[in-house]
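**Student:** Taken in sequence, the protein lines are chains A and B.
Heads up: the first sequence begins at 0 in numbering that gives the first Met the number 0, then just goes up one per residue.
Heads up: the second sequence begins at 0 in numbering that gives the first Met the number 0, then just goes up one per residue.
Keep in mind that the hints are not guaranteed to be accurate.
Said to hold, decoys possible - Computed list of lysine-lysine pairs in DSBU-like fashion (alpha-carbon distance at most 30 Å, straight line): (1) Lys279/B to Lys219/B; (2) Lys266/B to Lys95/A; (3) Lys119/A to Lys111/B; (4) Lys224/A to Lys163/A.
Don't read these hints as lab results, they were simulated from the structure.
Keep in mind the model is a prediction, meaning the values are calculated, not measured.
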Amino acid sequence: MTASLNFMMAPFLACLILIFIMVYFGIHVIEREIIFIDIALAQIAALGSAASLVLVNLNVVTRHNGHEHDSRTFMAYLFCLLAAGIFTLLKNKKLKIPLEAIIGIAYAVATTSAVIILDKGAGGDVHIHDMLAGTLLWVSWNQVLRLFVIVLVIGLFHYFFREKFKAVTLAYHSDETNIARPGLWDFLFYFTFGIIIVEAVAVGGILTVFAFLIIPASISAFFSKRWIIRILIGLLAGGIATISGLYLSWVMDVPCSPTIILFLAVCLLIAVIIKGIIKCIRFLHQMTRQEKY
Amino acid sequence: MLDNLLFLSAPITVSVLLAGILSYFGNHILSRGIIFIDIAVAQIAALGTMIGLLLGFAEESLNVQLISYIFTVIIIALFALTKSRKQVIPQEAIIGIIYCVGLGLAMLLAEKIPGGSNFITKTITGNLLWVTWDKVLYCFIMFLIIGIIHLIFRKQFIMITDTRNGLPYTLWRTRTYELLFYITFSVAIVKAVPVGGVFLVFTLLIAPTAAATLFTQNWKKRFIWSWIIGVLGSVLGMYISYTLDISNAPSIVTLLGVTVFFLAFGKLAAQKFKTISIKK
């Protein structure tokens, strides 16, 4: 029991760190209604690291054991930066097609070209599976520490400038803002978001990161409008889902990332039901009050 | 050369058929602004197929397709229901959650089916190369029926998609047409996903019409141009995949997608030049 607990400790901590920062970014993303930009960015980052695999195989980049991971991360950042640039350029009213169409096409192209690249090598199916669901169970303590430091730095940065980031997000759909230089803060938001996405996808896989980003933030949207409470609610729901998901995946011998995603979905369902019950109670309360008067 | 052509003739025919029906639907989808609904629906259709497999039915049997249809209809109904309520979270987030949970569930089920992770790859890349003439004929008849329905109601469908001036009919008439539209749409998706895969379906829906919409707003011109672009892209993509020895669906997706990006940048550049020359 203790051995398995030790074994599960690193994935569990990694999940908690990821959820903590993802809930925060998720609230931003949902307020901005740019839900799918993150899955597209994550997929493009994964395409970058797949492309670096090819470069290593072709001996364009000389293979050193220590540097392989660095070159993968570097390519992931490069692809992400390119994609962010393309999205910014193509967000143009003159084009007559919605930005979502472009994001969607980018996602489709990135996924299928990653499949083309990975299919060429041996064990393609396994690589595709890893790309989607990640290798959360095999996360090392070094990776957890690295994740923690990056999340801490970016979290502190966002904490100090929280008012600015909030103002930029809340004014995303209107043309006027009350802060100076909204473009700069928008860029800083995407820049930090991109760093987190690249680091998170390397640990959790595309699908897990997407679920962490959207589902806890959606759950918290039902109960509160204050950001700090929303983050706490999201963290609570995410923590429960992670514990039960990891436990069940260990007991039933199924992969852990999809199990955690399913438990997050169950949490969302429970949240919807609780919200419904609260509404019912309030309604009954009002009815009885009206009868009294 | 002739042998290769014979071998590729069925896949090329079916991809032309898919391009025909999907680029038509794409015009409606793009105008309605529900871009990601089809990737969610396609994923759910694939999930339905997997559940059918898990229950022990043969792949492509009637039972499996029935389960796939039921799943798709449930999801479409869910979208319709959540749309009418007061919005706490945006519609896009619901679509995203459904897609994500659908894919996650598919990955869990894949562990339980022999060769399951192969199946995940197959839903991404599709199965174009191994399509039989029987299936081509079946698809053709299905798409013909849907096409005839849409030919009869073409004016009404365009009216309910283009709601800038408010609803054109009474509420219940509009809802009936909506239902007819969504049912034909999901039948086409359920038929198309096992053949082409989730991403080919998505790209054939969005990319040709996006390319056409860049240059014209007229419905008739958009239909014609998206058909031309879709069919040309499929045939060319098939040729490229054959010469470079890569899977065919991904090569069509990449070709069409990259084309849209080039056209979009080209249009922006052309407009820049125009404004500069006007200033001069």
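**Student:** Of all the hints given earlier, name the ones this structure violates by number, lowest first.
**Tutor:** 1
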